[in-house]
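Undergrad: The primary structure of each chain is shown beneath.
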Amino acid sequence: MSELDNLYREVIMDHYKSPRNKGLVEDAEYKLFRIKNPSCGDDITIQTKVENGIVTDCRQIGHGCSISMASASVLTEIMIGKTLEEAKNIADNYLNMVSNKEFDTELDLEEAAVFSGVRQFPARIKCASIAWVAFKDTIKGDSNE
Amino acid sequence: MSELDNLYREVIMDHYKSPRNKGLVEDAEYKLFRIKNPSCGDDITIQTKVENGIVTDCRQIGHGCSISMASASVLTEIMIGKTLEEAKNIADNYLNMVSNKEFDTELDLEEAAVFSGVRQFPARIKCASIAWVAFKDTIKGDSNE
Amino acid sequence: MMKNPYSKDFPQLNNGSVYLDTAATSLKPNSVIEAVNHYNRDLSSNIHRGMYEAAVETTELYESTRETVAKFLHAKTDEIIYTRGTTSSLNLVAYAYGLENLKAGDEIIVSELEHHSSFLPWQFVAKKTGAILKFVELNEEGRITVEAFKKVLSTKTKVVALTYVSNVMGYITPMKEIISLSHQYNAICVVDAAQAVQHIEIDVTALDCDFLAFSGHKMLGPTGIGILYGKQKLLNIMEPFEYGGDMNDDVNKDISEWKTGPQKFEAGTMPIASVIGLQKAIEYIENIGLSTISEYIDKLQRYALAQLKQIEGVKIYNPTSETGIITFNIETVPSHDAISFLAEKNIAIRAGQHCAKLICDWLGIYSCLRASIYIYNSYTDVDIFIEGIKEAVAYFKKLGF
Amino acid sequence: MMKNPYSKDFPQLNNGSVYLDTAATSLKPNSVIEAVNHYNRDLSSNIHRGMYEAAVETTELYESTRETVAKFLHAKTDEIIYTRGTTSSLNLVAYAYGLENLKAGDEIIVSELEHHSSFLPWQFVAKKTGAILKFVELNEEGRITVEAFKKVLSTKTKVVALTYVSNVMGYITPMKEIISLSHQYNAICVVDAAQAVQHIEIDVTALDCDFLAFSGHKMLGPTGIGILYGKQKLLNIMEPFEYGGDMNDDVNKDISEWKTGPQKFEAGTMPIASVIGLQKAIEYIENIGLSTISEYIDKLQRYALAQLKQIEGVKIYNPTSETGIITFNIETVPSHDAISFLAEKNIAIRAGQHCAKLICDWLGIYSCLRASIYIYNSYTDVDIFIEGIKEAVAYFKKLGF
Ligand SMILES: Cc1ncc(COP(=O)(O)O)c(C=O)c1O
Ligand SMILES: Cc1ncc(COP(=O)(O)O)c(C=O)c1O
Chain P
1 MSELDNLYRE VIMDHYKSPR NKGLVEDAEY KLFRIKNPSC GDDITIQTKV ENGIVTDCRQ
61 IGHGCSISMA SASVLTEIMI GKTLEEAKNI ADNYLNMVSN KEFDTELDLE EAAVFSGVRQ
121 FPARIKCASI AWVAFKDTIK GDSNE
Chain S
1 MSELDNLYRE VIMDHYKSPR NKGLVEDAEY KLFRIKNPSC GDDITIQTKV ENGIVTDCRQ
61 IGHGCSISMA SASVLTEIMI GKTLEEAKNI ADNYLNMVSN KEFDTELDLE EAAVFSGVRQ
121 FPARIKCASI AWVAFKDTIK GDSNE
Chain U
1 MMKNPYSKDF PQLNNGSVYL DTAATSLKPN SVIEAVNHYN RDLSSNIHRG MYEAAVETTE
61 LYESTRETVA KFLHAKTDEI IYTRGTTSSL NLVAYAYGLE NLKAGDEIIV SELEHHSSFL
121 PWQFVAKKTG AILKFVELNE EGRITVEAFK KVLSTKTKVV ALTYVSNVMG YITPMKEIIS
181 LSHQYNAICV VDAAQAVQHI EIDVTALDCD FLAFSGHKML GPTGIGILYG KQKLLNIMEP
241 FEYGGDMNDD VNKDISEWKT GPQKFEAGTM PIASVIGLQK AIEYIENIGL STISEYIDKL
301 QRYALAQLKQ IEGVKIYNPT SETGIITFNI ETVPSHDAIS FLAEKNIAIR AGQHCAKLIC
361 DWLGIYSCLR ASIYIYNSYT DVDIFIEGIK EAVAYFKKLG F
Chain F
1 MMKNPYSKDF PQLNNGSVYL DTAATSLKPN SVIEAVNHYN RDLSSNIHRG MYEAAVETTE
61 LYESTRETVA KFLHAKTDEI IYTRGTTSSL NLVAYAYGLE NLKAGDEIIV SELEHHSSFL
121 PWQFVAKKTG AILKFVELNE EGRITVEAFK KVLSTKTKVV ALTYVSNVMG YITPMKEIIS
181 LSHQYNAICV VDAAQAVQHI EIDVTALDCD FLAFSGHKML GPTGIGILYG KQKLLNIMEP
241 FEYGGDMNDD VNKDISEWKT GPQKFEAGTM PIASVIGLQK AIEYIENIGL STISEYIDKL
301 QRYALAQLKQ IEGVKIYNPT SETGIITFNI ETVPSHDAIS FLAEKNIAIR AGQHCAKLIC
361 DWLGIYSCLR ASIYIYNSYT DVDIFIEGIK EAVAYFKKLG F
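Protein chains in written order, with this note's numbering: chain P, 1 to 145; chain S, 1 to 145; chain U, 1 to 401; chain F, 1 to 401.
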């Protein structure tokens with residue numbers, strides 16, 4: 001069971017049980033991106049505010065498995081305060097890490113590093129990615145709702 | 001090669017080279033049925049006149065392989081003069097014979113009996129059947145052109 | 001505990017996993033595997049147009065499968081169309097019958113029990129034609145009942161498209177009564193039998209359905225082959241769906257003529273290897289007998305349900321299911337977390353919406369776990385499954401779920 | 001005479017027949033046979049929705065095949081759609097692009113070289129929309145030329161649907177120039193590559209075609225799987241073709257949302273075993289290399305043609321064919337009589353109209369014989385074939401044909 005224990009790390013459980021930055025705000029300056037994964041029933045929305053090239057707020061709402069929920073929560077905490085460049089770089093490296101592709105091991109992924117256990121569970125890669133993909137769309141300036 | 005020789009019997013070659021009752025007539029009392037087999041390029045039309053329950057004329061035209069052409073020619077010769085019942089009975093038994101199904105071996109198929117060699121060539125059953133199927137449609141009273 | 005007499009025919013069971021995912025796709029017996037192999041290895045050739053030995057044998061196997069399917073369904077050979085699967089079969093009906101015969105204001109009866117493949121083609125037809133979708137109200141168990149059906153049936157009903165067995169709830173729809181009522185209103189009935197054909201005997205003549213669809217891969221057969229049964233008189237008046245090689249009698253620059261019978265709907269090279277494999281799947285089922293199969297599954301399912309009900313924290317959505325499908329959740333645990341645990345123990349069940357979101361909405365859940373039992377499963381499989389669920393409950397509880 | 005180094009990979013060749021019918025369907029190498037077998041025997045499970053090992057491996061093989069196909073064609077992975085075969089691929093384009101984007105008076109360019117699967121979908125679209133079919137005039141050899149194409153191309157042209165290699169004549173269409181000209185007129189190009197993909201290298205990016213279709217079973221792969229390549233920007237604006245499981249992002253009673261990318265067009269369970277087999281077929285072809293393949297075929301074909309030309313009473317319709325296809329007749333002998341003779345000698349060639357009646361009309365014949373050569377054929381095969389034709393000529397002459 002050690003692989004599973006490696007997936008359900010304490011930090012992940014903490015974010016799952018006490019999600020940060022949860023709930024959306026009504027503010028046209030936020031970009032919002034929603035992604036659904038109908039095969040599992042995941043449905044996550046990320047809302048991001050960027051001012052002068054800095055992510056000043058990042059919010060999340062949705063439902064899904066613990067991995068997708070926790071990864072959304074961790075995402076928002078990490079991203080607030082980052083420059084767009086830093087944010088994109090961290091997101092790209094995180095997405096490569098969870099999907100077992102090459103990534104910059106020097107880069108500090110902060111709490112997101114605990115999602116490395118996902119690599120052992122190919123079917124959960126999508127769960128760990130969905131919020132981060134949506135986030136990348138928001139900082140590209142896309143909104144889909 | 002004996003199976004092939006059994007297919008290309010003299011009677012068949014004779015009908016192929018000198019087809020009987022060839023060419024259609026313009027007469028609304030004839031029923032006409034045309035069948036095409038696009039995979040081989042066969043195209044056969046049978047025209048039948050029935051008076052008082054007797055096949056008084058049967059004509060054929062078309063193109064195709066020697067087996068389909070000869071079987072159309074043999075058909076017309078046999079059918080002229082037969083009652084509808086006899087005609088249908090012979091046609092049914094002929095079609096069963098060439099497709100290797102049960103048929104009445106007591107029944108006199110006349111010259112059509114030479115097509116028994118077709119049974120060894122499953123892919124030629126259609127060639128030997130096409131005119132006879134069209135004939136059956138004409139005596140049912142169907143026309144398709 | 002007695003040994004399962006069929007499991008030896010399914011080589012995949014040797015890999016040590018407990019396979020409880022037949023509703024997604026079934027395992028294949030050796031006879032099916034070998035039939036596909038035989039075609040690929042010894043016979044590879046196209047049908048209908050070759051005269052050499054391999055082509056002749058292929059054509060014979062291909063056409064005799066049609067007879068096997070026809071007999072299995074009590075249909076005429078000319079009423080059996082090969083397709084890519086249930087989804088393609090149902091789209092064929094939606095396009096070639098639905099789009100051509102429905103108009104604004106006509107009604108199509110569907111239900112929240114439908115698989116997306118039975119629902120979305122009709123949502124599309126409704127959008128294109130202006131016809132209206134009517135939902136049979138499900139009873140408190142989530143079943144389609146004759147009474148509820150009567151409430152939506154009217155002279156406006158033109159098509160009734162319902163699932164014979166739900167792939168989430170496992171319930172058997174009272175199809176015979178529904179069809180008979182529908183015909184009183186001149187509506188045609190399209191039956192999604194993807195989860196029925198491997199469980200209950202289907203006699204399309206007695207049932208009197210107009211169309212009926214299923215897939216090979218859920219009934220011990222290969223992927224890539226499905227069946228559409230259609231009443232001859234309907235097939236005769238329909239235009240083709242796909243156009244191409246082999247479905248025509250004559251092709252000209254300006255106008256072409258179509259074949260009659262099922263061939264009108266079989267354009268181009270069909271999935272020959274899978275057709276040939278399907279014959280063996282049906283023979284395998286027939287050799288055991290559908291009543292033996294369903295009795296066995298029923299016993300195993302009751303055995304599983306009895307234990308599952310005892311586990312605290314497990315919610316079962318279909319305790320009266322009659323076809324080997326058990327749908328449930330561990331109450332505080334999202335289904336995807338739960339199956340990760342089971343997958344680690346080599347227990348193959350499925351989590352998600354099962355391509356049937358409407359019934360998840362109806363149940364008020366985002367997703368669920370589904371275990372599905374078939375003839376090759378054993379009591380030991382059930383025991384391992386139950387033990388796995390118990391451990392999962394404890395594991396996630398300890399984690400704080 | 002030197003031994004063919006590839007024939008050992010094709011178990012069907014052990015049956016002693018001379019297989020010259022690859023244009024109908026190809027033989028399969030052991031790697032393809034075994035890949036299908038592996039799925040059927042060891043992996044049987046559905047994709048995308050399972051978490052257990054077999055489901056994960058299946059999903060990986062299924063999606064990595066898409067990458068293999070994309071690389072093979074120089075396309076993006078998201079531009080590769082799985083279908084049942086070329087015919088389904090071309091119907092998808094006709095329905096999901098053609099019906100939606102053409103209107104009365106628009107023109108569709110086709111040719112008399114088209115296989116029915118490349119012609120009939122557009123005859124259907126023309127009939128439904130009022131668009132007009134324009135035929136490229138073939139040159140005296142029966143080829144599509146750029147000059148003749150220019151004569152039918154106009155601002156009215158909206159779709160150009162042409163075969164890359166004719167399955168009867170074996171000619172290669174000058175597709176690149178045609179596509180470039182078409183785009184100057186904003187017409188989209190649909191390429192039927194069913195007979196091209198196993199012979200010539202296809203780079204869809206360089207070719208700049210809008211859609212391109214082919215079948216697995218004619219390129220060493222399994223039956224039941226085809227590919228549609230489509231330019232991403234076109235796929236994005238298209239509505240789905242078939243509706244069902246797995247092609248949607250959200251399903252509701254009133255309205256549903258579709259997936260993006262190829263998944264939008266892959267409704268329901270796909271032919272998983274055949275997809276997995278296709279990967280091995282492409283790898284087999286890539287390992288040899290298409291230039292090696294075409295050079296070898298070319299040599300063998302010239303060897304065959306040189307001898308066939310010597311036989312009195314044989315008429316060859318495509319003496320300049322460049323892709324292993326030789327089409328001919330024994331002049332006084334209907335083609336079906338001729339192949340019965342060859343079949344008796346275990347020589348597998350095909351007779352008929354080859355699902356391409358328009359070119360038979362153009363040639364002024366009802367049917368013809370077609371021998372098609374591929375990489376696993378040997379000089380000995382050609383010798384036996386030539387000897388067979390000689391004997392057939394003598395046999396039928398003696399009979400009085
Ligand atoms: C040129 C061409 N186009 C299309 C097709 C149709 O392919 P399929 O029958 O695999 O759909 C064929 C094969 O018969 C072909 O040769
Ligand atoms: C009830 C039901 N209908 C339709 C389908 C669709 O079948 P397929 O995916 O084989 O096309 C399924 C299977 O997923 C099903 O369970």
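If you're looking for bench data, these hints aren't it; they were derived computationally from the structure. This structure is a prediction, so every number in the text was calculated from the model and none was measured. There may be inaccurate statements among the hints.
[Said to hold, decoys possible] Quick list of in silico lysine-lysine cross-link-like pairs, DSS-like style, CA-CA up to 25 Å:
{"no.": "1", "chain 1": "U", "residue 1": "Lys253", "chain 2": "F", "residue 2": "Lys127"}
{"no.": "2", "chain 1": "F", "residue 1": "Lys128", "chain 2": "U", "residue 2": "Lys103"}
{"no.": "3", "chain 1": "S", "residue 1": "Lys136", "chain 2": "U", "residue 2": "Lys76"}
{"no.": "4", "chain 1": "F", "residue 1": "Lys134", "chain 2": "F", "residue 2": "Lys156"}
{"no.": "5", "chain 1": "F", "residue 1": "Lys345", "chain 2": "F", "residue 2": "Lys315"}
{"no.": "6", "chain 1": "F", "residue 1": "Lys127", "chain 2": "F", "residue 2": "Lys156"}
{"no.": "7", "chain 1": "S", "residue 1": "Lys17", "chain 2": "F", "residue 2": "Lys151"}
{"no.": "8", "chain 1": "F", "residue 1": "Lys253", "chain 2": "F", "residue 2": "Lys231"}
{"no.": "9", "chain 1": "U", "residue 1": "Lys253", "chain 2": "F", "residue 2": "Lys103"}
{"no.": "10", "chain 1": "P", "residue 1": "Lys22", "chain 2": "P", "residue 2": "Lys49"}
{"no.": "11", "chain 1": "F", "residue 1": "Lys8", "chain 2": "U", "residue 2": "Lys128"}
{"no.": "12", "chain 1": "P", "residue 1": "Lys88", "chain 2": "P", "residue 2": "Lys49"}
{"no.": "13", "chain 1": "U", "residue 1": "Lys253", "chain 2": "F", "residue 2": "Lys345"}
{"no.": "14", "chain 1": "U", "residue 1": "Lys233", "chain 2": "S", "residue 2": "Lys36"}
{"no.": "15", "chain 1": "F", "residue 1": "Lys156", "chain 2": "U", "residue 2": "Lys134"}
{"no.": "16", "chain 1": "P", "residue 1": "Lys17", "chain 2": "P", "residue 2": "Lys36"}
{"no.": "17", "chain 1": "U", "residue 1": "Lys103", "chain 2": "U", "residue 2": "Lys156"}
{"no.": "18", "chain 1": "U", "residue 1": "Lys103", "chain 2": "F", "residue 2": "Lys253"}
{"no.": "19", "chain 1": "U", "residue 1": "Lys71", "chain 2": "U", "residue 2": "Lys103"}
{"no.": "20", "chain 1": "S", "residue 1": "Lys49", "chain 2": "S", "residue 2": "Lys22"}
[To be verified] Beyond 12 Å from chain S on every Cβ pair, some chain U residues (computed):
{"no.": "21", "residue": "Ala55"}
{"no.": "22", "residue": "Thr205"}
{"no.": "23", "residue": "Gly245"}
{"no.": "24", "residue": "Asp246"}
Glycine residues also receive a C-beta, built at the ideal position from the N, C-alpha and C atoms.
Undergrad: All the hints need checking, so say for each whether the structure fits it.
TA: For each hint, the structure was consulted:
For the hint linking U/Lys253 to F/Lys127, the alpha-carbon distance of about 12 Å falls within 25 Å, and the restraint holds. Between F/Lys128 and U/Lys103 the CA atoms are separated by roughly 17 Å; this keeps the pair inside 25 Å, and the hint holds. About 21 Å separates the Cα atoms of S/Lys136 and U/Lys76, which keeps this hinted pair within 25 Å; it holds. The suggested pairing of F/Lys134 with F/Lys156 holds, with an alpha-carbon distance near 11 Å, which does not exceed 25 Å.
A C-alpha spacing of about 21 Å is found between F/Lys345 and F/Lys315, which places the hinted pair at or below 25 Å, so the restraint holds. At roughly 17 Å between alpha-carbon atoms, F/Lys127 and F/Lys156 fall within 25 Å of each other, so this suggested pair holds. Restraint check for S/Lys17 and F/Lys151: not satisfied, since their Cα atoms lie roughly 45 Å apart, outside the 25 Å limit. Our distance criterion of 25 Å between C-alpha atoms is broken by F/Lys253 and F/Lys231, whose separation comes to about 32 Å.
For the proposed pair U/Lys253 and F/Lys103, the alpha carbon gap of about 19 Å is at most 25 Å, so the pair holds. Proposed proximity of P/Lys22 and P/Lys49 is supported: the alpha carbons are some 14 Å apart, at most 25 Å. Only pairs whose Cα atoms come within 25 Å are accepted, and F/Lys8 paired with U/Lys128 is rejected, the gap being roughly 54 Å. Among the hinted pairs, P/Lys88 with P/Lys49 is consistent with the structure: their alpha-carbon atoms are about 14 Å apart, no more than 25 Å.
Distance hint between U/Lys253 and F/Lys345 is unfulfilled; the C-alpha atoms sit about 37 Å from each other, more than 25 Å. Taking the CA atoms of U/Lys233 and S/Lys36, the gap is about 22 Å. The hint holds against a cut of 25 Å. Restraint check: the Cα-Cα separation between F/Lys156 and U/Lys134 comes to about 43 Å, which exceeds 25 Å; the hinted pair is violated. Taking the CA atoms of P/Lys17 and P/Lys36, the gap is near 21 Å; set against the 25 Å cutoff, the hint holds.
Between U/Lys103 and U/Lys156 the alpha-carbon distance is near 10 Å, which keeps this suggested pair within the 25 Å criterion. Only pairs whose Cα atoms come within 25 Å are accepted, and U/Lys103 paired with F/Lys253 is accepted, the gap being roughly 19 Å. A C-alpha spacing of about 35 Å is found between U/Lys71 and U/Lys103, which places the hinted pair above 25 Å, so the restraint is violated. Distance restraint check for S/Lys49 and S/Lys22: the Cα-Cα separation of roughly 14 Å lies within the 25 Å cut-off, and the hinted pair is therefore satisfied.
For U/Ala55, the requirement that its beta carbon stay farther than 12 Å from each beta carbon of chain S is not met, with the minimum near 7 Å. Distance check on U/Thr205: its Cβ is at least 23 Å (rounded) from any Cβ of chain S, clearing the 12 Å threshold; non-interface status holds. Not every beta carbon of chain S lies more than 12 Å from that of U/Gly245, the smallest distance being close to 9 Å; the non-interface claim is violated. Against chain S, the non-interface label of U/Asp246 is violated: not every CB pair exceeds 12 Å, the least being about 7 Å.
Violated hints, listed in ascending order, are 7, 8, 11, 13, 15, 19, 21, 23, 24; each of the other numbered hints is respected by the structure.
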